[in-house]
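Participant: Here's the letter readout for the chains.
Protein chains: 2
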Amino acid sequence: MDRRNFLKNGLKVGLGVAVGVAAGGGIALASRGENTNLPYPYVKLDPERVAQRAYNYYRKGHCAYAVFAAILDELKEKVGEPYTYIPSELYVYGKGGIVGWGTVCGTLNGACGIITLTCKDYGKLIDTLFSWYEKTELPTFVPKGKVAYPKSVSNSPLCHVSVMKWCKAATNHFGRHIAYNSKERSERCARLSASVARKTVELLNDYHEGRLVPVKIKGFQKTKMDCMECHSKTR
Amino acid sequence: MDRRNFLKNGLKVGLGVAVGVAAGGGIALASRGENTNLPYPYVKLDPERVAQRAYNYYRKGHCAYAVFAAILDELKEKVGEPYTYIPSELYVYGKGGIVGWGTVCGTLNGACGIITLTCKDYGKLIDTLFSWYEKTELPTFVPKGKVAYPKSVSNSPLCHVSVMKWCKAATNHFGRHIAYNSKERSERCARLSASVARKTVELLNDYHEGRLVPVKIKGFQKTKMDCMECHSKTR
Numbered sequence: 001m002d003r004r005n006f007l008k009n010g011l012k013v014g015l016g017v018a019v020g021v022a023a024g025g026g027i028a029l030a031s032r033g034e035n036t037n038l039p040y041p042y043v044k045l046d047p048e049r050v051a052q053r054a055y056n057y058y059r060k061g062h063c064a065y066a067v068f069a070a071i072l073d074e075l076k077e078k079v080g081e082p083y084t085y086i087p088s089e090l091y092v093y094g095k096g097g098i099v100g101w102g103t104v105c106g107t108l109n110g111a112c113g114i115i116t117l118t119c120k121d122y123g124k125l126i127d128t129l130f131s132w133y134e135k136t137e138l139p140t141f142v143p144k145g146k147v148a149y150p151k152s153v154s155n156s157p158l159c160h161v162s163v164m165k166w167c168k169a170a171t172n173h174f175g176r177h178i179a180y181n182s183k184e185r186s187e188r189c190a191r192l193s194a195s196v197a198r199k200t201v202e203l204l205n206d207y208h209e210g211r212l213v214p215v216k217i218k219g220f221q222k223t224k225m226d227c228m229e230c231h232s233k234t235r
Numbered sequence: 001m002d003r004r005n006f007l008k009n010g011l012k013v014g015l016g017v018a019v020g021v022a023a024g025g026g027i028a029l030a031s032r033g034e035n036t037n038l039p040y041p042y043v044k045l046d047p048e049r050v051a052q053r054a055y056n057y058y059r060k061g062h063c064a065y066a067v068f069a070a071i072l073d074e075l076k077e078k079v080g081e082p083y084t085y086i087p088s089e090l091y092v093y094g095k096g097g098i099v100g101w102g103t104v105c106g107t108l109n110g111a112c113g114i115i116t117l118t119c120k121d122y123g124k125l126i127d128t129l130f131s132w133y134e135k136t137e138l139p140t141f142v143p144k145g146k147v148a149y150p151k152s153v154s155n156s157p158l159c160h161v162s163v164m165k166w167c168k169a170a171t172n173h174f175g176r177h178i179a180y181n182s183k184e185r186s187e188r189c190a191r192l193s194a195s196v197a198r199k200t201v202e203l204l205n206d207y208h209e210g211r212l213v214p215v216k217i218k219g220f221q222k223t224k225m226d227c228m229e230c231h232s233k234t235r
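Sequence order for the protein chains is A and B. Counting from 1, position 48 in the first sequence corresponds to residue 48 in the numbering used here; the numbering is continuous, with no gaps. Counting from 1, position 48 in the second sequence corresponds to residue 48 in the numbering used here; the numbering is continuous, with no gaps.
Simulated from the structure, these hints should not be mistaken for laboratory data. Where hints are given, some of them may not hold.
One copy or any two copies: either way a pair holds, since identical chains are not told apart in the list.
[As the list claims (entries may be wrong)] Okay, derived cross-link-like pairs now, DSS-like style, lysine-lysine, Cα gap no bigger than 27 Å in a straight line:
hint: 1; residue 1: LYS183; residue 2: LYS218
hint: 2; residue 1: LYS218; residue 2: LYS76
hint: 3; residue 1: LYS135; residue 2: LYS76
hint: 4; residue 1: LYS76; residue 2: LYS146
hint: 5; residue 1: LYS120; residue 2: LYS60
hint: 6; residue 1: LYS146; residue 2: LYS124
hint: 7; residue 1: LYS44; residue 2: LYS78
hint: 8; residue 1: LYS165; residue 2: LYS218
hint: 9; residue 1: LYS135; residue 2: LYS168
hint: 10; residue 1: LYS224; residue 2: LYS146
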């Protein structure tokens, strides 16, 4: 459904139910925005444009907000309702693996929110995104006029593991200690937000055009983290 | 703002902007639902009622959905807009630490969504909830007419760690192997969803009544997971 039809259909419904008198004599408002059945209609987005937006948004609300809001705000502008009813700030809590607890990387949590809003087969897209995330040298995004940053492979979807592996790679690269609370790590996470937002939009576009080849994860353990990292025999 | 005032104010705004003619000659719909500034208005909820609802919802959409939707649907019924515009299914992806990846416990991810929707100081509530989660013998919820389940202390906000520690405790308790994919583990996660939903509502009620004493986390590492679980000297 394109935006014109969307508005036309919205109008029909809207005129019908926008203001109604409830049974009890009170007045209730309703609109088609209250139909919250997922998935919501998706339109093709520009991955590069969204990546730049996510990079900019990182300074406003960190990683999870950057990915979720960058994609959501594009959909608010291109589709309108029902996306306009979703608060763009919902995922601000995802920063630092959820307010600094180091659990799931916030870029992934924000991406999951958007994927679930827009895809019936959200699980397939999330598996594909997570698998890409833990195997890929990141960040891939380079802001205009800046030089590329050192990259690392996280081998895990966890913030703490991903951040610390990058800090190690960056320490080697820059020849001085790069700590978790350095401005370089912050810039890395801004570029990571852009990288994950771009990849998410590529996956969404492919899925909605019937071109997605989802990654199939074999076995019980989806992450390919080495079990012995936590289950060494000395414990 | 109670529901009556909320509707009255909504009506004023609604009549003003519900149907407007856009500059380009097209017709655009808008309503007060499009004001998505957080936090949204909260009303006191019944923790026991929400716990039972989360327990029931687990069968529909697993852990993260159970906590998020149980609280959201109560707010939809008691407050109405703007909660009615949020899809209750948004957090279905959170199950098994995000579609089985074993990262953050889904009950916590769902709770974070609701906390961020309703609280300016979402970080303080999340710290308090996570700290309680990793130190408390869980699950605490017992369905009516059923016996209590074995409990375990996760010492971590991660799904994989929390589940496997419980499986070990349950294996000792029942005197037979309780696996991660057993019906007992599933029942434990349903009761865990109810336990976390109840605690979240207690925290929300306390916060909005000015009675919350938030937990302050000292040091860089918020989780009290033993570093050497992943960083043993043999690696």
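Participant: Decide, hint by hint, whether the structure agrees.
Facilitator: Going through the hints against the structure:
For the homomeric pair LYS183 and LYS218, the shortest alpha-carbon distance between copies (22 Å) is at most 27 Å, but the shortest distance inside one copy (38 Å) is not. Taking CA atoms no more than 27 Å apart as the test, LYS218 paired with LYS76 passes in neither setting, with 37 Å inside one copy and 40 Å between copies. Taking identical chains as interchangeable, the C-alpha atoms of LYS135 and LYS76 are never at most 27 Å apart, the minima being 32 Å within one chain and 41 Å between chains. When the C-alpha separation of LYS76 and LYS146 is checked against a cutoff of 27 Å, the pair qualifies neither within a copy, at 30 Å, nor between copies, at 47 Å.
In this assembly of identical chains, LYS120 and LYS60 lie within 27 Å of each other by CA distance solely across copies; the values are 16 Å between and 30 Å within a copy. In the homo-oligomer, the alpha carbons of LYS146 and LYS124 never lie at most 27 Å apart, since the shortest distance is 34 Å inside one protomer and 36 Å across protomers. In this assembly of identical chains, the alpha carbons of LYS44 and LYS78 lie at most 27 Å apart only when taken from the same copy (9 Å versus 37 Å across copies). For a Cα distance limit of 27 Å, the shortest separation of LYS165 from LYS218 qualifies both inside one copy, at 25 Å, and across copies, at 24 Å.
Taking the shortest alpha-carbon separations for LYS135 and LYS168, only the intra-copy value of 17 Å comes in at or below 27 Å, while the best inter-copy value is 31 Å. Taking CA atoms no more than 27 Å apart as the test, LYS224 paired with LYS146 passes in neither setting, with 33 Å inside one copy and 38 Å between copies.
Of the numbered hints given earlier, the model fails hints 2, 3, 4, 6, 10; all others are met.
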